[in-house]
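Letter by letter, the chains look like this.
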Amino acid sequence: MPRRQNYSLPYSLVTPKSVYLSRRKLLGSLLALPGAAAAAQKLENIRKTGYGRGETPTPYEAVTTYNNFYEFGASKEDPARNARSFRTRPWTVRVEGEALKPRTFDIDEILKLAPLEERIYRFRCVEGWSMVIPWIGFPLAELLKQVEPKSSAQFVAFETYFDPKQMPQSAWSGLPFPYVEGLRMDEAMHPLTILSVGLYGEVLPNQNGAPLRLVVPWKYGFKSIKSIVRIRLVKNQPPTTWNLANPREYGFYSNVNPDVDHPRWSQKKERRIGEFFKRDTLLFNGYGNEVASLYAGMDLRKHY
Amino acid sequence: MRRLLAPRSAKPALFLLCLAPALWLAAGSWRGSLGVNPIEKVTLETGQWTLRLLAATLAVTPLRRLAGWPELIRFRRMLGLFAFFYACLHALTYVWLDQFFDWAEIARDIVKRPFITAGALSFAAMAPLAVTSTRGWIARLGGRRWQRLHRLVYLAAAAGVVHFWWKVKSDIREPALYALIFAVLFLARLLRPRTAAPPQSAPLA
Numbered sequence: 001m002p003r004r005q006n007y008s009l010p011y012s013l014v015t016p017k018s019v020y021l022s023r024r025k026l027l028g029s030l031l032a033l034p035g036a037a038a039a040a041q042k043l044e045n046i047r048k049t050g051y052g053r054g055e056t057p058t059p060y061e062a063v064t065t066y067n068n069f070y071e072f073g074a075s076k077e078d079p080a081r082n083a084r085s086f087r088t089r090p091w092t093v094r095v096e097g098e099a100l101k102p103r104t105f106d107i108d109e110i111l112k113l114a115p116l117e118e119r120i121y122r123f124r125c126v127e128g129w130s131m132v133i134p135w136i137g138f139p140l141a142e143l144l145k146q147v148e149p150k151s152s153a154q155f156v157a158f159e160t161y162f163d164p165k166q167m168p169q170s171a172w173s174g175l176p177f178p179y180v181e182g183l184r185m186d187e188a189m190h191p192l193t194i195l196s197v198g199l200y201g202e203v204l205p206n207q208n209g210a211p212l213r214l215v216v217p218w219k220y221g222f223k224s225i226k227s228i229v230r231i232r233l234v235k236n237q238p239p240t241t242w243n244l245a246n247p248r249e250y251g252f253y254s255n256v257n258p259d260v261d262h263p264r265w266s267q268k269k270e271r272r273i274g275e276f277f278k279r280d281t282l283l284f285n286g287y288g289n290e291v292a293s294l295y296a297g298m299d300l301r302k303h304y
Numbered sequence: 305m306r307r308l309l310a311p312r313s314a315k316p317a318l319f320l321l322c323l324a325p326a327l328w329l330a331a332g333s334w335r336g337s338l339g340v341n342p343i344e345k346v347t348l349e350t351g352q353w354t355l356r357l358l359a360a361t362l363a364v365t366p367l368r369r370l371a372g373w374p375e376l377i378r379f380r381r382m383l384g385l386f387a388f389f390y391a392c393l394h395a396l397t398y399v400w401l402d403q404f405f406d407w408a409e410i411a412r413d414i415v416k417r418p419f420i421t422a423g424a425l426s427f428a429a430m431a432p433l434a435v436t437s438t439r440g441w442i443a444r445l446g447g448r449r450w451q452r453l454h455r456l457v458y459l460a461a462a463a464g465v466v467h468f469w470w471k472v473k474s475d476i477r478e479p480a481l482y483a484l485i486f487a488v489l490f491l492a493r494l495l496r497p498r499t500a501a502p503p504q505s506a507p508l509a
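As they're listed, the protein sequences go chains A and B. Numbered per our numbering, the first sequence spans residues 1 to 304. Numbered per our numbering, the second sequence spans residues 305 to 509.
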């Protein structure tokens, strides 16, 4: 008569959960070597700045799993999932237009262009949520100076990399691609406006706009264009993607402003990710002291 | 399928099934597993379940007639009440967790923002149907008037889809899918069941 096998094990033999989980993580990173290795890459020699003193940064996990990056899908969880194998090397950025020395920069050259700084900025999405993000980057002005803008350069036009093969979900987004954005020259040269190459001391994750993105903290998040491949200095106000998609709802300026509603929702308050109660939204996202003068005499209701 | 519908236990089973999404959301809120923005998640899910259960409610009549499952009628009221239950949770999320009972702001929203107007209209159309879903109310109103009142369900469904459609920023696939489902369910009502047709007399020629 066959004996019944005893499969039970004492609890002492169970692998501790932390060991089991870290083993999984290790295996996972081995499987997805290029992407995972890049995501964990630390950035060296970062200068701390006073920006964001007193703010509590939003957890890394939230910053990197709750994203709008429509080329990789329209839901917040999509980009983290779908941008995993996005190739960010080799990568070049063409800077051209109304400039004396237009040229193409390699991303590794851009990384060494200026000292990297940590800037802890508030980030307010037009949808009504916000975060605090410790960006790593340098002022956009540093890059623009390299090409010596002409006085005819009144605006700066930005363009995101677009490859439907690497971004198949883009077909369903309802937006025209490549994604384009723009700033007025004085906005672009403002010291608060940065090009970011990282966050939380590490290289920018793909879903956050690797390898190079814009951050304009006093404007709604969609102005801070991701994965930039082209920057053009131009004479006239350039087209911008969300404005093309819905001009009544998304203006060229899109400065954070609690008194100018989005047609479909109020902008008076925002939910800081991780908080239960809503906060009052601040004019220019709280950067009014620095940037309000850029818009002196302008009707912010008209130029929303 | 019909064998599944017959037993007495079918109703409590369906009850638990309809309750499951709410329990899942409650457990997720408690455990913190609803992602980075749990309130947004709850709002979206309760809205979606309202539409799904409205679709299920509206599927009862065509399925009874076209598929020949008359016993489905036993479940229609429960499905409809669950649709309203999720609509209530959805509205509560908005009134409480989004607006924190700022009634002036809520009133402004309903008047000023078409997508909220549509949502409020859908909710307002469902409320009297839930109230008059009891046997007592059917008797009080009389079958005919009761039925006429309950045609408001079409308005609730249509306004619900419009609400969703107008809320979406640019990827309209999901609201379009609901619109298609409701369109099919509306049109199915116009079809006559073949089985019920009287036998044809032989052609003359």
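Think of the hints as simulated: they come from the structure by calculation, not from any bench. Predicted, not measured: the structure shown is a model, and the values here were computed from it. Glycine included, every Cβ here is placed at the ideal spot set by N, Cα and C. It is possible that some hints are incorrect.
Claimed, not checked - Pair by pair, the computed Cβ-Cβ distance ranges are:
no., chain 1, residue 1, chain 2, residue 2, range
1, A, K268, B, C392, 24 to 30 Å
2, A, G174, B, G332, 48 to 54 Å
3, A, G54, B, V435, 27 to 33 Å
4, A, G174, B, G440, 24 to 30 Å
5, B, L494, A, D299, 52 to 58 Å
6, A, N45, B, L484, 52 to 58 Å
7, B, L494, A, L300, 32 to 38 Å
8, B, L445, A, R301, 33 to 39 Å
9, A, H303, B, S333, 48 to 54 Å
10, B, V415, A, N236, 24 to 30 Å
11, A, K165, B, T438, 56 to 62 Å
12, A, G288, B, L320, 49 to 55 Å
Said to hold, decoys possible - The calculated lysine-lysine pairs, modelled on BS3-like cross-linking and capped at a C-alpha distance of 30 Å, are:
no., chain 1, residue 1, chain 2, residue 2
13, A, K269, B, K315
14, B, K473, A, K165
15, B, K345, A, K302
16, B, K315, A, K76
17, A, K76, A, K101
18, A, K76, A, K150
19, A, K278, B, K315
Going down the list of hints, with the structure as the test:
no.	hint	in the structure
1	A:K268 with B:C392: 24 to 30 Å	holds, 26 Å
2	A:G174 with B:G332: 48 to 54 Å	violated, 29 Å
3	A:G54 with B:V435: 27 to 33 Å	violated, 51 Å
4	A:G174 with B:G440: 24 to 30 Å	violated, 48 Å
5	B:L494 with A:D299: 52 to 58 Å	holds, 53 Å
6	A:N45 with B:L484: 52 to 58 Å	holds, 56 Å
7	B:L494 with A:L300: 32 to 38 Å	violated, 52 Å
8	B:L445 with A:R301: 33 to 39 Å	violated, 50 Å
9	A:H303 with B:S333: 48 to 54 Å	violated, 41 Å
10	B:V415 with A:N236: 24 to 30 Å	violated, 38 Å
11	A:K165 with B:T438: 56 to 62 Å	holds, 58 Å
12	A:G288 with B:L320: 49 to 55 Å	holds, 54 Å
13	A:K269 with B:K315	violated, 44 Å
14	B:K473 with A:K165	holds, 24 Å
15	B:K345 with A:K302	violated, 33 Å
16	B:K315 with A:K76	violated, 37 Å
17	A:K76 with A:K101	violated, 39 Å
18	A:K76 with A:K150	violated, 40 Å
19	A:K278 with B:K315	violated, 41 Å
In this structure, the hints that do not hold are numbers 2, 3, 4, 7, 8, 9, 10, 13, 15, 16, 17, 18 and 19, in rising order.
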